[in-house]
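Participant: Going down the list, the sequences are from chains A and B.
Residue numbering for the first sequence is 1 to 376, as defined by UniProt numbering.
Residue numbering for the second sequence is 1 to 357, as defined by UniProt numbering.
Derived from the structure by calculation, the hints contain no laboratory data.
Because the structure is a prediction, the values reported are computed rather than measured.
Glycine included, every Cβ here is placed at the ideal spot set by N, Cα and C.
Each statement offered as a hint is correct.
Simulated restraints on C-beta separations:
no.	chain 1	residue 1	chain 2	residue 2	range
1	A	Gly154	B	Ile262	50 to 60 angstroms
2	B	Arg251	A	Gly184	36 to 46 angstroms
3	B	Ala258	A	Asp234	51 to 61 angstroms
4	B	Pro344	A	Ala159	29 to 39 angstroms
5	A	Asp234	B	Asp61	57 to 67 angstroms
6	B	Ala197	A	Thr32	52 to 62 angstroms
7	B	Asp215	A	Gly154	32 to 42 angstroms
Here are a few chain A residues that sit away from chain B, every Cβ distance over 12 angstroms (derived from the structure):
no.	residue
8	Gly33
9	Ala53
10	Ala60
11	Asp85
12	Pro93
13	Thr100
14	Ala167
15	Asp234
16	Ala240
17	Trp241
18	Val248
19	Arg273
20	Gln308
21	Ile309
22	Thr316
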Amino acid sequence: MTAPSPGRTGTTGSPSRRTETTGNPSRPSRPTGYTLLRTRSGRASFLLHRRSAAVALCLAAALAAACLAYLCVGDTFVAPGSVVDVLLGRPSPDELVVGTFRLPRMTVGLLVGAAFGIAGALIQTVARNPLASPDIIGVSQGAGALTVGAMTFGVTSYATLPYVSTAGGLLAAALVYVFAWRGGLHAGRFVLIGIGFAIALRAVTQLFLTKGDYLVAQQAKVWMTGSLNGAGWDAAAPVAWTLLVLAVPLCWAARAQRTVALDDATATALGVRLNRVRAGLVLLGVVLASVATGAAGPVDFVALLAPQIARRTTRTDRIPLVCSALTGALIVVLADLLARKLFEPTQLPVGVLTAAVGAPYLIRLIIRGRTGGKSA
Amino acid sequence: MEAIPAPPDPVGSPTPPPPSTPNPGPVALRRRVGWTAAAVVALLAAVLLSLAVGSRTIPPDRVLDALLHGGDDTTAGVVRSLRLPRTLIGLMTGAALAMAGVVMQGVTRNPIADPGILGVSQGASLGVVLAIAAAGVHTLAGQVWFAFAGAAVASVAVYAIASRGRGGASPVKLALAGAAINALLVSVISGVLTTRASALEEFRFWQIGSLAGRDQAIVGQMWPFLLAGTVLVVSVARGLDALALGEDVARGLGRNVAAVRIAAGTGATVLTGVGVAAAGPIAFVGLAVPHIARALVGGDHRRLLPMAALLGPVVLLLSDVVGRVIYADSEVPAGVMTALIGLPFLVGLARRRKVAA
Numbered sequence: 001m002t003a004p005s006p007g008r009t010g011t012t013g014s015p016s017r018r019t020e021t022t023g024n025p026s027r028p029s030r031p032t033g034y035t036l037l038r039t040r041s042g043r044a045s046f047l048l049h050r051r052s053a054a055v056a057l058c059l060a061a062a063l064a065a066a067c068l069a070y071l072c073v074g075d076t077f078v079a080p081g082s083v084v085d086v087l088l089g090r091p092s093p094d095e096l097v098v099g100t101f102r103l104p105r106m107t108v109g110l111l112v113g114a115a116f117g118i119a120g121a122l123i124q125t126v127a128r129n130p131l132a133s134p135d136i137i138g139v140s141q142g143a144g145a146l147t148v149g150a151m152t153f154g155v156t157s158y159a160t161l162p163y164v165s166t167a168g169g170l171l172a173a174a175l176v177y178v179f180a181w182r183g184g185l186h187a188g189r190f191v192l193i194g195i196g197f198a199i200a201l202r203a204v205t206q207l208f209l210t211k212g213d214y215l216v217a218q219q220a221k222v223w224m225t226g227s228l229n230g231a232g233w234d235a236a237a238p239v240a241w242t243l244l245v246l247a248v249p250l251c252w253a254a255r256a257q258r259t260v261a262l263d264d265a266t267a268t269a270l271g272v273r274l275n276r277v278r279a280g281l282v283l284l285g286v287v288l289a290s291v292a293t294g295a296a297g298p299v300d301f302v303a304l305l306a307p308q309i310a311r312r313t314t315r316t317d318r319i320p321l322v323c324s325a326l327t328g329a330l331i332v333v334l335a336d337l338l339a340r341k342l343f344e345p346t347q348l349p350v351g352v353l354t355a356a357v358g359a360p361y362l363i364r365l366i367i368r369g370r371t372g373g374k375s376a
Numbered sequence: 001m002e003a004i005p006a007p008p009d010p011v012g013s014p015t016p017p018p019p020s021t022p023n024p025g026p027v028a029l030r031r032r033v034g035w036t037a038a039a040v041v042a043l044l045a046a047v048l049l050s051l052a053v054g055s056r057t058i059p060p061d062r063v064l065d066a067l068l069h070g071g072d073d074t075t076a077g078v079v080r081s082l083r084l085p086r087t088l089i090g091l092m093t094g095a096a097l098a099m100a101g102v103v104m105q106g107v108t109r110n111p112i113a114d115p116g117i118l119g120v121s122q123g124a125s126l127g128v129v130l131a132i133a134a135a136g137v138h139t140l141a142g143q144v145w146f147a148f149a150g151a152a153v154a155s156v157a158v159y160a161i162a163s164r165g166r167g168g169a170s171p172v173k174l175a176l177a178g179a180a181i182n183a184l185l186v187s188v189i190s191g192v193l194t195t196r197a198s199a200l201e202e203f204r205f206w207q208i209g210s211l212a213g214r215d216q217a218i219v220g221q222m223w224p225f226l227l228a229g230t231v232l233v234v235s236v237a238r239g240l241d242a243l244a245l246g247e248d249v250a251r252g253l254g255r256n257v258a259a260v261r262i263a264a265g266t267g268a269t270v271l272t273g274v275g276v277a278a279a280g281p282i283a284f285v286g287l288a289v290p291h292i293a294r295a296l297v298g299g300d301h302r303r304l305l306p307m308a309a310l311l312g313p314v315v316l317l318l319s320d321v322v323g324r325v326i327y328a329d330s331e332v333p334a335g336v337m338t339a340l341i342g343l344p345f346l347v348g349l350a351r352r353r354k355v356a357a
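Could you build the full structure based on these sequences and the hints that come with them?
Facilitator: Encoded structure:
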């Protein structure tokens with residue numbers, strides 16, 4: 001019994017062997033570098049990319065190390081042993097610094113980075129273009145505009161803001177999609193119109209900033225550049241819940257990613273509703289990006305960088321979700337660690353640092369010409 | 001002396017009509033004059049609206065009265081000391097940004113070029129922020145030099161990035177390079193502002209692009225730079241026309257392409273810098289106005305530039321007036337209004353097949 005071709009999502013019917021004849025003959029039945037995991041009955045199966053798994057393990061280890069460093073380093077240095085004590089709930093003199101200040105902030109960074117990483121991976125998969133990340137096509141700005149608007153009207157609780165920002169991000173994405181649609185989506189047109197909406201929505205955000213009083217403006221301004229400053233458990237909870245609730249759809253997304261790589265004719269032959277799959281993936285991505293924006297502001301370029309780094313290290317043909325999430329989390333945690341220490345006592349917003357790294361990367365992408373076209 | 005053969009008799013010959021048929025010229029001319037007159041009228045109307053409309057609406061005859069004869073009552077005071085400088089700054093900024101847009105679209109041969117999209121405005125902004133926060137410069141005459149420097153660095157960087165690699169400076173690549181530079185500059189600006197909280201309050205209102213609350217003295221400090229920029233771009237108008245035909249043709253016509261680009265680029269930088277230093281980064285005026293002007297008077301830069309200089313202030317002043325009346329108690333800054341008005345333009349442009357390809 002051979003493995004199903006990676007092009008199949010296994011939606012209907014029995015695991016028949018039809019795919020072997022309809023799929024292209026040049027592709028081996030089981031791609032090299034993959035291990036097939038499946039249940040004994042053969043009802044559920046999963047292709048594990050060995051290199052991806054190894055990279056994911058390394059990333060997880062690096063992330064754990066970064067988190068430990070994050071908890072140790074700050075105004076006062078806390079010994080790693082003491083940090084572990086706090087994490088395990090043992091009594092420790094550093095419980096206030098580590099447990100109350102640094103741990104929630106780190107958790108927010110971790111979750112937000114993961115959410116941005118997955119969001120970028122999904123949207124880039126559908127657009128087949130690394131430039132279509134949520135902060136370039138106006139999703140983050142839409143979430144930002146509505147959130148700052150709500151803040152200036154007195155909504156400051158982290159219980160409501162994530163919903164507001166999700167609504168804003170979805171609205172912006174819908175608008176860009178509608179206006180960029182012209183008998184199909186052209187990547188260049190989509191990016192141009194997205195940039196236009198990003199500019200206009202940033203202006204709207206600025207409008208709300210001038211309307212509010214100075215203290216709100218100061219707070220919103222810091223939030224807008226993407227800051228974890230003062231982020232607590234209440235900011236982490238919505239992102240955590242979203243990731244948890246979306247875990248099942250994300251498993252679907254990981255498989256559906258393969259389908260999106262198909263061309264229209266093959267997809268139709270296989271009975272895949274390509275446009276629905278694409279819409280589903282984008283919807284998931286936009287929700288994740290918006291919720292993350294609501295928690296920490298638009299942390300620039302994480303959604304652009306993380307999937308690309310992940311794709312390159314795993315050397316897969318598609319963008320791996322787990323590795324993107326881990327890379328995103330690693331980027332944000334490290335960037336925030338630097339942002340806290342670099343200009344002490346002033347704490348830079350983490351978004352300043354990610355932009356300082358991400359913008360040159362974007363420039364490199366542009367120079368290498370990976371910008372327009374139907375596929376990149 | 002030999003008899004030169006007489007030219008063929010025009011009446012009976014089958015030759016095509018002489019090249020300069022009298023008909024299209026005057027009609028096109030009449031059209032141009034008509035549109036120019038209309039633009040002047042629109043500008044006058046915009047100026048009058050800007051002077052008359054606000055939290056306190058002043059009838060036009062009172063406005064004229066206050067302007068011509070002065071007077072000591074509060075109405076005259078409002079017009080002369082508050083609305084007049086604001087209107088003048090709007091006039092000058094609108095003209096500067098619109099001409100800068102024309103020149104940028106001409107130099108890059110790219111319909112989506114605009115000081116805001118290309119990150120040039122943001123470069124000028126960073127210059128001003130550094131002038132305020134680091135150098136402690138608080139007058140426009142001092143800040144404007146920082147704005148020029150920032151705008152120049154940003155425009156060179158964006159153009160250099162976009163023109164490298166495959167396909168040259170395509171619209172999408174220019175917009176992306178602008179977005180990348182914008183993001184970088186914005187992050188530097190917010191870095192500066194978070195470390196210098198005192199600069200934020202001064203910068204907060206300026207940053208959006210607004211004509212409100214500007215010092216009257218700015219008008220007096222602005223005009224030499226505006227004049228210099230205008231002279232520069234007008235002097236290369238014919239060079240830009242040649243450039244529109246393509247680099248090789250321009251060279252064949254005897255144009256020094258590099259010199260045209262440098263002069264035009266310098267002019268656009270000066271115009272953007274002075275506009276941004278006076279009123280903050282105002283979005284999309286440099287994008288939309290050149291397209292309107294081109295639709296009215298055609299692509300000849302000697303006509304395009306004056307038309308843009310007339311229409312830019314109309315758009316900006318009307319945005320400012322709408323922003324003043326849209327909220328009863330407080331104002332919407334002009335920069336926000338132009339961003340909202342200009343967005344449909346970009347969308348329309350992007351939806352044209354030629355641009356997106």
